[in-house]
Amino acid sequence: MTKEIVFYTLFTIFSLAITIISFSYPINSSFLLRGLSIVMLALSIMILIKTFIKKTELNTQFTSVAFIIFLMLFLLIGLIYSFGFLFATLIFTFLVQMIFATNKNFYKILMVSVLISGFVFVVFFNLLGIAPIDSYIAIDHYFLFM
Amino acid sequence: MLDSIMLGIATATSFNMILAVFAGVVVGVFVGMLPGLTSTMGVALLIPLTFSVQPEVGLALLGGIYCASSFSGSISAILLNIPGTPSAVATCQDGFPLAKNGNAGLAIGLSVFSSCIGGTLSTIALLFLAPLLASVSLLLGAYEYFLLALFGVTIIASLSEGDMLKALLSGVLGLIASLVGIHSITGDMRLTFDIPALYDGIPLVVSLIGLYSIPEVISILSEGEKQVKQTTMNFNGMKQAFKETLAQYVNLIRSSIIGIVVGVIPGAGQSIASFIAYDAAKKSSKTPQDFGHGSKEGLIASESANNGTTGGSLVPLLTLGIPGNAVAAVLMGGLIIHGLNPGPLLFQGSPEVAYGFIVSLFFSNILFVPIGLIIAKYCVKIITLPKQVLAASILILAVVGAFAIRSQVEDIIIMVAFGFIGYIFNIFKISRAPMVLGLVLGGMAETNLARALVLAKGDVSILLQNFFTKPVSLALILLCLFSIIYGFKKNKDYK
Numbered sequence: 001m002t003k004e005i006v007f008y009t010l011f012t013i014f015s016l017a018i019t020i021i022s023f024s025y026p027i028n029s030s031f032l033l034r035g036l037s038i039v040m041l042a043l044s045i046m047i048l049i050k051t052f053i054k055k056t057e058l059n060t061q062f063t064s065v066a067f068i069i070f071l072m073l074f075l076l077i078g079l080i081y082s083f084g085f086l087f088a089t090l091i092f093t094f095l096v097q098m099i100f101a102t103n104k105n106f107y108k109i110l111m112v113s114v115l116i117s118g119f120v121f122v123v124f125f126n127l128l129g130i131a132p133i134d135s136y137i138a139i140d141h142y143f144l145f146m
Numbered sequence: 001m002l003d004s005i006m007l008g009i010a011t012a013t014s015f016n017m018i019l020a021v022f023a024g025v026v027v028g029v030f031v032g033m034l035p036g037l038t039s040t041m042g043v044a045l046l047i048p049l050t051f052s053v054q055p056e057v058g059l060a061l062l063g064g065i066y067c068a069s070s071f072s073g074s075i076s077a078i079l080l081n082i083p084g085t086p087s088a089v090a091t092c093q094d095g096f097p098l099a100k101n102g103n104a105g106l107a108i109g110l111s112v113f114s115s116c117i118g119g120t121l122s123t124i125a126l127l128f129l130a131p132l133l134a135s136v137s138l139l140l141g142a143y144e145y146f147l148l149a150l151f152g153v154t155i156i157a158s159l160s161e162g163d164m165l166k167a168l169l170s171g172v173l174g175l176i177a178s179l180v181g182i183h184s185i186t187g188d189m190r191l192t193f194d195i196p197a198l199y200d201g202i203p204l205v206v207s208l209i210g211l212y213s214i215p216e217v218i219s220i221l222s223e224g225e226k227q228v229k230q231t232t233m234n235f236n237g238m239k240q241a242f243k244e245t246l247a248q249y250v251n252l253i254r255s256s257i258i259g260i261v262v263g264v265i266p267g268a269g270q271s272i273a274s275f276i277a278y279d280a281a282k283k284s285s286k287t288p289q290d291f292g293h294g295s296k297e298g299l300i301a302s303e304s305a306n307n308g309t310t311g312g313s314l315v316p317l318l319t320l321g322i323p324g325n326a327v328a329a330v331l332m333g334g335l336i337i338h339g340l341n342p343g344p345l346l347f348q349g350s351p352e353v354a355y356g357f358i359v360s361l362f363f364s365n366i367l368f369v370p371i372g373l374i375i376a377k378y379c380v381k382i383i384t385l386p387k388q389v390l391a392a393s394i395l396i397l398a399v400v401g402a403f404a405i406r407s408q409v410e411d412i413i414i415m416v417a418f419g420f421i422g423y424i425f426n427i428f429k430i431s432r433a434p435m436v437l438g439l440v441l442g443g444m445a446e447t448n449l450a451r452a453l454v455l456a457k458g459d460v461s462i463l464l465q466n467f468f469t470k471p472v473s474l475a476l477i478l479l480c481l482f483s484i485i486y487g488f489k490k491n492k493d494y495k
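Protein chains in written order, with this note's numbering: chain U, 1 to 146; chain H, 1 to 495.
Among the hints, a few may not be true.
Calculated pairs, BS3-like style, for lysine-lysine (alpha carbon to alpha carbon, straight line, at most 30 Å) [unchecked claim]:
| hint | chain 1 | residue 1 | chain 2 | residue 2 |
| --- | --- | --- | --- | --- |
| 1 | U | Lys50 | H | Lys239 |
| 2 | H | Lys429 | U | Lys3 |
| 3 | U | Lys3 | H | Lys239 |
| 4 | U | Lys54 | H | Lys490 |
| 5 | H | Lys377 | U | Lys108 |
| 6 | H | Lys243 | H | Lys286 |
| 7 | U | Lys50 | H | Lys429 |
| 8 | H | Lys492 | U | Lys50 |
| 9 | H | Lys490 | U | Lys3 |
| 10 | H | Lys239 | H | Lys100 |
| 11 | U | Lys3 | H | Lys282 |
| 12 | U | Lys54 | H | Lys489 |
| 13 | H | Lys282 | H | Lys457 |
Each pair of labels, with its calculated beta carbon distance range [what the hints assert, rightly or not]:
| hint | chain 1 | residue 1 | chain 2 | residue 2 | range |
| --- | --- | --- | --- | --- | --- |
| 14 | H | Leu139 | U | Asp134 | 17 to 27 Å |
| 15 | H | Ser14 | U | Asn103 | 45 to 55 Å |
| 16 | H | Ile462 | U | Ile38 | 13 to 23 Å |
| 17 | H | Leu455 | U | Val122 | 47 to 57 Å |
| 18 | U | Val122 | H | Lys457 | 39 to 49 Å |
| 19 | H | Ser14 | U | Leu127 | 14 to 24 Å |
| 20 | U | Ser82 | H | Tyr199 | 23 to 33 Å |
| 21 | U | Ile53 | H | Arg451 | 41 to 51 Å |
Keep in mind the hints are simulated off the structure, nothing from the lab. For each residue, glycine too, the CB sits at the ideal point set by N, CA and C.
Model the full assembly from the supplied sequences, consistent with the hints where possible.
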């Protein structure tokens, strides 16, 4: 089975689930939702059939880059809950650069990370006044100057 | 109308507005110049910066980014043969050969002046067309608005690249995602799965940031290092460039009009306008053999059409609440965040915002001339910024921007989820644009369908009867069908 068939089979199951769920809501609140979910189900079945019968296969390549990026983003969310934005973004930018840089100059990467995370923190949390979250270790609050 | 224009001029000439336009143009030139960063992503990432300012100031900033980034994709196209934005692909064909022959300054000059004129003509069209169309659109009712929302999704699906069925699926998924949360009339919860962050629905800007930033970052990091052949420019050719641009007035006006018309059609983007204008210029040229080898006519045509779409794409947004392209959809998110509803009432309820924004676009189109030239001369090396630095910066801006909208970490998770959807869509060659339109127009579709149902006294047969007996409504149904048939026919021709 090709990746496309797997994907559109999963999508059809998802569409079916949405259709069933949409019919569980009162009609007045789900009139459009019901109609759209039926259309989505019909479209996904049509694409699935088309994928089955077509001869050419789509070049679907999942890259390791994507896996690393999504993993890093979830790590970043965990870090934000733990240390707040400043420290979390600093670690994140540092790691992204260390992983993807061809020339891994530690001090240069560290300096760029401090600059990026510091700049974003100052603009959003100091200048625009967005309140940081109450992380387990509340580091952000020590860096709010305005 | 003259009073409203004067009000717009007064609003747009305030210190804050001029500062916002200036900042927007500077940011926009960099956004457009950097390959991988698109106008849509630039505007989406910077919407959170506009929270603490007045709506018109925020819109002026975003408008500045839109106009400037539409032009500056040509800087990297001309100097490095790398289109900064997808719409600058046509510019590469003649811009880089000109630069390679030692005429980089002239090529940048032709690009900046033709973009400025295309953008200005487009803004004039917006200024006069939008209020006119807005007054007509006031006559439309719930039935027509519901169908307009559907038409927005079907037309963008039919004009998107790739499989029509997949594009429609993308649009329907966007519409369904926009219905998550509390129903605006009955108050019932739908598709929230007891997750409190979804009770108020999926935040539009958060989803757009995810859809347009994460897939681009993955694509930037997945590409290998490119060998860049860099040329440099000087200011010597500017006077000549200005004269040569004006000398091509027929080409300039024709291409700008193509840009405006293509921009008004929801879904037909800047790339389409550039190529149509380029093709039209080639067909009417006395030297068509020069096209692709450094033709000044080709460069002027693609650039004036490219910026000609900026004002055109805002016409359906400001008059009907239907965005003309993905950037306009993101701008619509910016309007909604400030509590403004794009549509005909914007011109009556908040004329200072509507006209102030339009007038600010004139300034943006003029201001990117000197700023673009200075940045092209002195900052072109920034294009060779290491990709990991660019990727890290985009991701941090996306994460903090998504959080800033409602100060909820859950919004970052929603943003990442939409980033994943965008990535999967890229893998399976499903267009993202119809989903964006679905997300933007879903609320409008549902509210108006609910109103139409109330008008039909809850009777579905009366509702259907009204859809087919009202002339405008019937015309819109036919347009929806036509756009779907056209999309399938285009697919068949393509194969």
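Consistency of the hints with the structure:
Proximity of Lys50 of chain U to Lys239 of chain H is assessed by CA-CA distance (about 57 Å); at most 30 Å being required, the pair is judged violated. This hinted pair checks out: Lys429 of chain H and Lys3 of chain U have alpha carbons roughly 13 Å apart, not beyond 30 Å. About 56 Å separates the Cα atoms of Lys3 of chain U and Lys239 of chain H, which puts this hinted pair outside 30 Å; it is violated. Proximity of Lys54 of chain U to Lys490 of chain H is assessed by CA-CA distance (about 18 Å); at most 30 Å being required, the pair is judged to hold.
In summary, the hint linking Lys377 of chain H to Lys108 of chain U is supported, as the alpha carbons are separated by about 26 Å, within the 30 Å threshold. Among the hinted pairs, Lys243 of chain H with Lys286 of chain H is consistent with the structure: their alpha-carbon atoms are about 19 Å apart, no more than 30 Å. Proposed proximity of Lys50 of chain U and Lys429 of chain H is supported: the alpha carbons are some 15 Å apart, at most 30 Å. Distance check on the hinted pair: Lys492 of chain H and Lys50 of chain U sit about 14 Å apart at the alpha-carbon level, within 30 Å; holds.
Distance check on the hinted pair: Lys490 of chain H and Lys3 of chain U sit about 26 Å apart at the alpha-carbon level, within 30 Å; holds. For a cut-off of 30 Å, the pair hint linking Lys239 of chain H to Lys100 of chain H stands: about 20 Å separates their Cα positions. Among the hinted pairs, Lys3 of chain U with Lys282 of chain H is inconsistent with the structure: their alpha-carbon atoms are about 43 Å apart, more than 30 Å. A C-alpha spacing of about 18 Å is found between Lys54 of chain U and Lys489 of chain H, which places the hinted pair at or below 30 Å, so the restraint holds.
In summary, the hint linking Lys282 of chain H to Lys457 of chain H is not supported, as the alpha carbons are separated by about 57 Å, beyond the 30 Å threshold. For Leu139 of chain H and Asp134 of chain U, the hinted distance range of 17 to 27 Å is not satisfied, since their beta carbons lie about 52 Å from each other. Our hint of 45 to 55 Å for Ser14 of chain H and Asn103 of chain U holds, since their Cβ atoms are close to 47 Å apart. For the pair Ile462 of chain H and Ile38 of chain U, the beta carbons lie near 21 Å from each other, so the given range of 13 to 23 Å is met.
For the hinted restraint 47 to 57 Å between Leu455 of chain H and Val122 of chain U, the CB-CB distance of approximately 53 Å keeps it satisfied. For the pair Val122 of chain U and Lys457 of chain H, the beta carbons lie near 58 Å from each other, so the given range of 39 to 49 Å is not met. Separated by about 20 Å at the C-beta atoms, Ser14 of chain H and Leu127 of chain U satisfy the suggested range of 14 to 24 Å. Distance hint check: the CB atoms of Ser82 of chain U and Tyr199 of chain H are about 26 Å apart, consistent with the given range 23 to 33 Å.
A C-beta distance of roughly 42 Å is found between Ile53 of chain U and Arg451 of chain H, which places it inside the suggested range of 41 to 51 Å.
The structure fails hints 1, 3, 11, 13, 14 and 18 (numbered hints given earlier, in ascending order).
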